[in-house]
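**Q** Listed below are the residues making up each chain.
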Amino acid sequence: MIEIKGVSKKFKDKTIIHSLDLSIKKGEFYALIGPNGAGKSTLIKLLSGLLQPTKGEILLDGINIVENPKEAKALIGYIPDEPTVWDGMTGFEFMNFVGALYNIPANEREKDIKKLLKIYNITGTEHQLYQDYSRGVRQKYSILAALLHNPSILLIDEPIVGLDPISIDITKNILDEFVKDGGTVLMVTHTLFVAQELATRIGLFEKGKIKIEGTYKELVDKAHLPAKTSLDDVYKNYLAK
Amino acid sequence: MSESFGLLLSYPGQVIKRYLAREKFTRIFAIFILLLIILFIGVSIYVTTIEGLNFISRDIELRDALYFYIAQLFYLLVFVLSFGNSILVIAASFARKSHQWIMATPSFSIMAFVNLFQLLASSLWIFLAVIIPVLMGIAQFMGVDGLQLFLSFVLTTALIIVESICGVLAYMLSVYLLRYLSTLIGRNIVSQSLAIILLVISSVLMIALFWRIAIPQDFVKFFDGNYIVQMQTMKEQLIYLPTFGIAQVLHDLLFCSNIFGTTYTIIFTGLTLGLLITVYVLLDKSYLVMWQLLQEGNYIAGQDNKRINTYKSYNFPAINAVHNIIDKELLLIWRDKKNLLWFVIVIGLWLAQTAVSWRVTANANNYGDGYIFPDFVYALILAIGLYFISALSLRFVFPTFSAERKVAWILGVAPISPWNIAVGKLLIYTGIFLFLGSPILIANFVILGFGFFPALLYWIVFSLSVILIVLLAIYLSIAYPNRFSSDPETLSTTLPGLAFTSLALGGTIIIANIMYLVLSNVDLVVLLILLITVLNLLLTSLTYNASEKFEYAGEIIA
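Read top to bottom, the protein sequences are chains B and F.
According to my numbering, the stretch in the first sequence is residues 1 to 241, in order.
According to my numbering, the stretch in the second sequence is residues 1001 to 1558, in order.
Every beta carbon over 10 Å from chain B, so not counted as near; a handful from chain F, in silico:
no.	residue
1	Leu-1124
2	Ala-1139
3	Ile-1239
4	Trp-1358
5	Pro-1439
6	Leu-1531
7	Ile-1532
In silico DSSO-like links for lysine-lysine, alpha-carbon gap of 30 Å or less:
no.	chain 1	residue 1	chain 2	residue 2
8	F	Lys-1337	F	Lys-1406
9	F	Lys-1312	B	Lys-111
10	F	Lys-1549	B	Lys-14
11	F	Lys-1024	B	Lys-10
FYI, nobody ran anything at the bench for these hints, they're computed from the structure.
Backbone N, C-alpha and C define an ideal beta-carbon position, used for all residues, glycine too.
Put together the whole structure using the sequences plus the hints.
**A** Following this line, the structure appears as structure tokens:
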């Protein structure tokens, strides 16, 4: 469960997030959509502990990430918008290093990595250097690394950039299964069809605030649009207002 | 094309304008401090030059030969700095992914001009802080006129340009040689790292050759003979240096004020301009081909890549956070050929200095056993050692929290604190530097016949100073992380980078000087040891506090 209570984030004199309150329950898939510069990525960086809030508190499964960062971070799986990793590492070493950071014993890690590589059918690439991987392969490794320690919360910044259609389907299945198993997902994205298909709740984020939120159906209804209007069109409609 | 030139030339001005667009007062203050630091360094070098020459001039017998030696040494230093810099800049220009979009336009050849301009500008920066004060100091001391001083500036500029061009030509030759070898063996082996490794191997072979020819000369004879013998000995030792001839012109200009200096400066400057134009035309014609050659590599987008080299992946056996950071650092240093090359160059130079100690001792012993070197030689050995440690720290430790910029998410989201990272980096780099540095330092002391107890004191001071330098680099890195660049060369020219350089080098000189002054009094040495320990504890505390406030990411501009 994610609880955001009165969180603000300022960079010097510029406020990016304005007293935000948001609660995402266990087993819920929350998609945050919005224009560039709205503060979505900043919010996800606050939740993952990459940034510290200027005001307010963030609780992950009841643990305050500022007060108990190690315990809170152990619950998170984070998929970044840019899957950059040290060029001199192989894919296997990267996953192994991530596993070691989460205190997974070495013998368990190796078994888990082998199992995860099969999901995207990338077994055979793991002992080659990261610098030689394509964008898609890098993205797959960063998704798999986020799942390695069985997190209860997934924080995702653009999950499918650079993936081919089959890999997109696999990714959607992974996320779907994760939520069905009781996991909590917060996803920031511009690929709205993924949000439309997977999210149980969608929030439109603008200028550091949630402008409107609800299920896909609720958003369509509130905008007084025909039932099968795509989220793309619903989004444009709200922004035009 | 001319518009692109205009845009590129106006770029530095735009950067300054953008830099001053926000927090104007703070940033003007930062520039003011930077200029003060440069001025401080410049004035220190100017004063040191005059005082040094003043000291030398008291020895009437050796004076003239030493002036000649200074001119030679000065230009050799300029050569090493600008030649090395030009190779690094030109090699880095082919690695910059941000240049891809320019290379894809019809104006791609502009990059040849930009890179040549960039590498000349970056080589010429040492003018500001080092060359101008040294030349002005010599001119002031020798009382030469303004024209001679101006000509010495022209000569040095021409020398830097020629050396930078030589660096470019050497790199181009290396790439084309690899291309030729690729056609011979039927496999593409052209790569940046291999091109640089080839250059390093060639340089080492050339130094080894020079060493073999120059080393049989007699150093001590220099101190025994008259002016003619001294100059003869000096020339026999130095004639193999690449800057020998041109340094002789500088000597003629500033120390002898004769007509040869003026004439040769004019001829050399003309030749430099001709060479510059020729190399620009050459680089302009081959830049695209070299770019294409150096962009090729492995590309893995799927499973079927059996033909591509695989690596033996490391297992990260530990589950302790600090231990993992140490393992990761070791792995990445080992995998990055550029990093390894840095270590090899710095340690190679340090070993070369040790070989000189050995050679000088052997030479001195020919004139009677048990030659005792003056105390300042041992302090100098300590200063040289700490200087090399500072250079390695600037490259490897100072960028710690800036270099992790793009990969910060991996450590930032994991249950590991910035303090763990700082401790990991402190342990690994202190360990490596002491592991490599201690035997070299001890070897120097053994060669120079230093006693066991004073050598032990020097080693303790050296070890604590290594910790101090590494801690300083980590503290500045975590307190002032750079969100815009992770490139060690760029970071070293930022304000915290310059602060690190000034503090580390200043501290090195102070510690070595104190050791020279107090070595005969053990109590004072113990006091110095305590002082460095207190500084280490203070820096540890500052680093801990900075790690508590550290954020892995900066403002996202969208």
